[in-house]
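Colleague: Protein chains in written order, with our numbering: chain H, 1 to 303; chain S, 1 to 336.
Note that these hints are calculated values from the structure, not bench results.
The hints are all genuine.
Part of the chain S face toward chain H, derived, beta carbon under 10 Å: (1) Pro14; (2) Ser142; (3) Asn280.
Treat the numbers as computed from the prediction; the structure is a model and nothing was measured.
No residue lacks a Cβ here, since even glycine has one placed at the ideal position from N, Cα and C.
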Amino acid sequence: MSNATNTAGAVAPKPAPVLTPGREVWLSLRSNRGAMAALTIILLTVLCAVLAPVLAPHDYTTQNVDIALTPPAWDEGGSSTYILGTDGIGRDILSRILYGARYSLMIGLIVVTLSLTVGVLFGLAAGFHRGTVDSLIMRLMDIILALPSLLLAIVIVVLLGTGLTNAMIAVAITNIPHYARLTRAAVMNELTKDYVVASKVAGAGTLRLMFKTVLPNCLAPLIVQSTLGISSAVLDAAALGFLGLGAQPPTPEWGTMLADARQYIDSAWWVVTFPGLAILVTVLAFNLLGDGLRDALDPKLKR
Amino acid sequence: MIRFVIQRLLLIIPTFLGAALLSFVLIHAIPGDPVQMLLGEKVIDPTRHQELLAQIGLDKPLPVQFVNYIWHVLQGDFGTSVQSKNSVLVDFFALFPATLELAFCAMVFAVLFGIPAGVLAAQRRGSVYDHTIMGAALTGYSMPIFWWGLLLILLFSLKLDLTPVSGRIDLDYYFDEGTGFMLWDSFWSDQEGAFTSAVSHLILPTIVLGTIPLAVIARMTRSAMLEVLGEDYVRTARAKGLSGFRVVGIHALRNALIPVVTVIGLQVGTLMGGAILTENIFSWPGIGSWLVNSIYQRDYPSVQGGVLLIAGFVILVNLSVDLIYGLLNPRIRGRR
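Required output: the full structure, derived from the provided sequences and hints.
Modeller: Now the structure itself:
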């Protein structure tokens with residue numbers, strides 16, 4: 001035991017600061033103002049989501065018809081108690097948006113995790129077993145890609161039944177092909193390299209080759225795609241919510257809030273404006289970060 | 001070239017079969033009894049139930065049913081709508097022109113603004129123009145278009161009273177079913193103001209549906225332009241003393257447009273998906289709102305047929321783009 005610790009300890013101290021891949025990406029990302037702004041916004045959103053019970057000035061479910069459609073604080077007739085105003089049944093919009101951040105981030109993470117996992121497995125299988133397995137998987141991916149993603153998501157939700165969980169599954173399925181294709185392309189590229197051949201000669205089995213040898217070297221495009229995937233997941237899930245097929249009221253999911261708000265469009269602009277603004281800012285931040293990561297991870301594309 | 005065409009044609013068969021399988025599964029996985037769904041609230045005795053089940057062919061094994069389904073589809077029989085009692089194909093093509101018109105206008109809008117914006121950004125790389133255009137493009141790309149539509153209605157229709165809120169034309173105008181393309185029909189009708197009314201109804205939906213393609217095209221044009229502007233032949237053209245406009249507008253743009261054309265083709269899928277949301281917001285009587293309504297009404301034959309028809313349309317457009325691309329770029333043809 002002590003021996004093991006010693007060896008590990010002996011390796012750890014480095015003579016000079018070595019530029020690890022992670023550090024290199026971070027340095028490149030840090031010099032990108034857009035990406036840093038995006039990262040700040042994302043961290044703030046996460047903070048809002050985590051601290052929603054502390055930050056929210058009101059309970060997000062409490063209804064009070066007496067104060068229904070109170071305008072935001074700076075507008076005529078607004079009150080500083082309800083900074084962003086209240087909705088049609090008197091719920092505080094700011095509190096609902098803060099809680100909504102939880103849903104959107106959760107949707108983004110779960111959808112990306114699901115589609116990334118399945119997509120990578122498909123991509124690895126296709127890349128390693130060229131031939132029937134490859135054709136089958138890639139044809140299936142082509143079919144998914146041939147359908148407009150929102151249409152496919154709607155079909156799947158109709159199949160599974162409406163609701164947030166099913167909406168997430170639907171959006172995840174429509175996103176699988178992107179990861180499968182990226183993984184397959186990267187795997188095919190890596191398989192020709194010497195280190196893979198060396199590992200094979202050394203007797204590594206297929207599973208070891210897949211997950212330990214090849215996959216870590218295919219991560220860069222997957223990281224970029226996952227970041228961009230969060231934004232499209234948030235957007236698609238909100239669209240399903242808006243159509244009444246995703247999260248159901250009274251869930252404070254931003255798309256669902258917008259569907260609810262439509263009927264007040266000619267009387268209360270704030271009910272319509274703020275949930276959508278929240279979606280836009282979040283999606284924009286993830287897209288901006290994804291672009292930044294792409295620049296950082298792919299030196300060929302660097303300006 | 002013939003070999004290339006045949007290859008592409010063969011490739012769409014599994015894709016189409018897959019889409020058909022998906023829409024087939026759709027009707028079979030939905031909970032509830034299909035016979036009861038057709039009858040509505042009526043009570044039925046078990047023997048009659050069996051007969052009806054046999055009548056619509058639902059008593060056979062699933063693979064047989066699937067083959068039957070494909071057979072019917074190939075003959076143009078997409079089923080009968082529970083709601084309208086019409087053939088789904090008839091319902092679909094009655095509304096399809098409205099969606100096509102909107103999608104076409106959105107695409108024209110996106111191309112008309114997207115390409116010049118991308119060229120300008122590439123040409124003035126790093127300038128305020130570049131940053132502004134790319135910032136706007138990224139915002140457009142991230143836009144929840146259903147919210148964007150509501151905002152535009154809020155501003156232009158309700159606050160400024162410039163454009164109508166919904167529909168394709170004012171209810172004052174009426175003309176017989178022509179081509180189904182409102183711009184065309186109203187232009188050739190002798191009713192004064194009909195065309196203007198149709199145009200004013202189209203403006204906001206066009207902007208909403210065109211926003212994401214516009215952003216994608218602008219970004220693509222910029223990066224394609226940047227690549228081309230670094231090529232030797234552009235330097236040669238400059239060295240020959242050609243005007244900046246000739247170099248950028250003729251020499252560079254022509255080559256930069258090849259990837260842009262592909263991206264434009266790929267946006268057709270996005271447009272069909274976006275049409276579902278846009279039509280929903282503007283009560284645009286196209287296949288998008290029809291499809292969503294069919295879902296709400298549990299009119300599954302319509303949903304099934306509609307999904308397959310839209311998928312078929314997108315597959316065909318993508319195929320045409322592939323073929324045109326092969327025609328434009330000989331290098332693609334030889335690749336296998």
